[in-house]
Amino acid sequence: MSKNTHPAESKTAMAADILVDIRNLTVEYVSSRGLFSRRKRRVRVLENFNLALPRGKTLGIVGESGCGKTTLANGISRFIRSIQGEVLFEGQDILTMDHRTLRAQRQKMQMVFQNPFNSLNPRMKIHQLVGEPLATHTRMRGKALKNRVGQLLEEVGLGRGHLRRYPHQISGGQAQRVVLARALALKPQLLFLDEPTSALDVSVQAQIVNLLKKLQAKHQLTYMFISHGLGVVQHISDQIAVLYLGEVVEQASRDDLFHNPRHPYTQALFASMPIPDPDRNKTRILLKGNVPSISDPPPGCRFHTRCPRVMEVCRKRVPDAHVIRQGHWARCHLLSTAALPAQPGNGDS
Amino acid sequence: MEDHLLRVEDLQVVFPTPHGPVYAVNRISFAIRAGQIYGVVGESGCGKTATGRAILGLIPPPGRINGGRIIFRGENLLEKSAYEMQHLRGRRLAMVFQDPAAALNPVFTIGRQLLGIMKHHRIASDGRYGPRAVQLLGDLGLPAPERIVKRYPHELSGGMQQRVMIAMALAAEPDLIIADEPTSALDVTIQSQILDLLVQLRDQRGVTIIMITHDLGVVAETCDEVGVFYLGEIIEGGTVRDIFHRTRHPYTRKLLASLPNPEKWGRELDIIPGSVPTNFENIKGCAFAPRCKQCMAICQTTKPKSAVFSTTHHTACHLYGERESG
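Read top to bottom, the protein sequences are chains A and B.
Going by this note's numbering, the first residue of the first sequence is number 1, and it counts up by one from there.
Going by this note's numbering, the first residue of the second sequence is number 1001, and it counts up by one from there.
Hints listed in this document are in silico derivations from the structure and should not be mistaken for laboratory results.
Incorrect hints may appear among the rest.
[Unchecked claim] In the DSBU-like style, the derived pairs of lysine-lysine whose C-alpha atoms are separated by at most 30 Å in a straight line are:
#1 K57/A - K143/A
#2 K57/A - K1264/B
#3 K288/A - K1150/B
Just need the whole structure built from these sequences, with the hints factored in.
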C-alpha cells in the first residue's frame, strides 16, 4: 500500500460531517484448501481500506462481482470480523465495542438486500414482519405497536389493506417496500442498500428509487448504495466510489465522476453501460479477459491485467492515489506526471 | 418469395392453473428477416420467455400452444412431430439461456458437451470434430481453446461459460439463435463483450438472433427490430428507431421515461404506478389500462386493434384509433 497520506483521509477530515469513517480496514476470509486438507487459505478481500460516509448523503459503491462490495457492508456492521482497522460510527469504533453496545449501535444501521422475498419470512404476515424489530428491540406493544406499523407502511407507500397479507401475496416492488418499512422501524441513521432495485422490474425500479430519495430527505438518512447498475447509482448518489478487487480505484462526487472519469477502469465501466438510444454512437472500451480472483490479486496495480493503457510500471508498483480536485481522486500511474505523455503545446524546444 | 426467416402468427400459449387458464402469450404476431437481431423486450410475466420456448417447441407441460402458426423457413413448426422438432433444435434453431452455469452439464467436460452436439447433427463430413470444436471456441474469443475443451463448467468464469453456451448454440450452424437474457447474469464489462460477440456473429456469419431481454439499453445497442411485450401481447413493434425515437404506446413511453439518465439527476424519476398484474384474466380491454394515465373509457372495455404507422411500426392502443394501412 502507498505510504503517503491517503487523500480520502485528508479530504474527509476537512469535510464537516462524517457518519461513518472507515480506516485501514482489513477483512479476510479463511477457507480450507481442500475437502481433507487442514491447511487454511487466507483470502484478503479488503486490505487497509479507507472510506468515509458523509451524514445524510448517499455514497454509491460500484464494481463488478467479487470486488468486495458486500464484504464492505458486512465488515462495517461487524457481521464479519475484521482483523485490523477501525470503523468509526459517530466517533465510536464499532470493531472494538462490547456486544451490548454493538447491539444498540446496530439498530442505527440497517440492511436492505437485492431479493426482498429472501428477507421476508414467508410464514409471517406483513404486519408481523414490520412489527418484529419493534417487538424485539423496544417496549412498544399492543395498540401503539399497531399504529407504528401502520404508519411505517404508509411511509413506504403501502395501505392498510396489505397488513394481513403474506409475502407471496404481494409483488416484488411491494415486498421491497415492506423490507424498507422493516428497516426504518428502529429509526436508523444508516442504510446499507445492497442492489435494492436489481431484482425489480424496470417500471418498478423507478418507484423504489424515488421512495428512497423521499425517505432520505425526510429522515436525514445516510445511504451506502451498492450496485452494479450504474444508471441507478448515478441517479441516487452524491458521491461514488469505484471498487476493483477490494480497492477503491477512484472516488468523486457524482458529477465529477461522470464528466471526468480518470481511472481507465471507471472509463471502461461507463463505456460498457448500455445506453437506451440507438443513435448514440459511442466508443466502447472493451476490457479484455475476466476479473482476476480476489484471492490472488495481480501484483502492482490490480487492474493492469485488463487495462487498455497498461504500462511497464503498472505491473510492478502499486499506484498512489492522485488528487484531481477536491473530493476527486484516482489511483493510477497515468496520473503521475512522470508517466503522462508529452502534452501537445508543451513544446519540445 | 419468402423473405422472412421466421413468421409468428396469432400465437397463443396457455398454462392451465387451478384458477383457470393463464394466457402467457396471447395471439401475438411478428416476423423476422434473415440476418436480423429481433428484440423481445418486456417485464416479468410478459411472455417473452414463453414466446422463445414456443418457437423451439419447448413449452413445459401442462402448458401448451393453443393456436396460431410459427412459420420457419416456409414450414409451420407447429405441424412438426416431436421427432422432427428434435432434429431442428440445435441444427436449425438454438437457444442461449440466461444462466450458463445452470444450462451446462456439470459432470461432463466442455469438449464432450460440444462434440456431443456436433456428432449428433453430423456436421463434419470428414469426422474431424475435435479440431472444429477447438476452432469454434477460439473463434468465440476463448483463450487457449485446446485447454478449455478439457475443462469442466465450474472451472470457467461466468463470461467464459456464456461464450461456451454460445459456442454450443453455434455448433451445428443454426439459422436462428434465441438468446434469453444472455447477459443478465454477467457483469457490465463482460456483458459488453458478449453483446459485441453476438452482433459480430450476425455480421460475419449471418446468424439471425432473437434477443429476449428486459434491458432497453441492450435492445438499443444490438437490435434491428423490437417487439415490446406486456402481459402476453406485443403492444408496440417497430425498428429500434421507431421504438426509441417515434414512441407511440404509453407503456413504451413510460418505460423509457422511467430509466435514470443524467438529465434527470436531482429530479424524481417518471414512474408507472402499480406493478405488472399477476392475475390478468379479467382484463377485458387493454392490458395496460389499469396503469395507464391516458386511459379512456373504451380502453376498459375493448381490446385495442393494431394501429399502423409505417411498414415497420405498429402499436395496439386506442389513442390512435384504427389506423389500418391500405
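Now for the hints, and whether the structure bears them out:
no.	hint	in the structure
1	K57/A - K143/A	34 Å, violated
2	K57/A - K1264/B	18 Å, holds
3	K288/A - K1150/B	22 Å, holds
Of the numbered hints listed earlier, the single one contradicted by the structure is hint 1.
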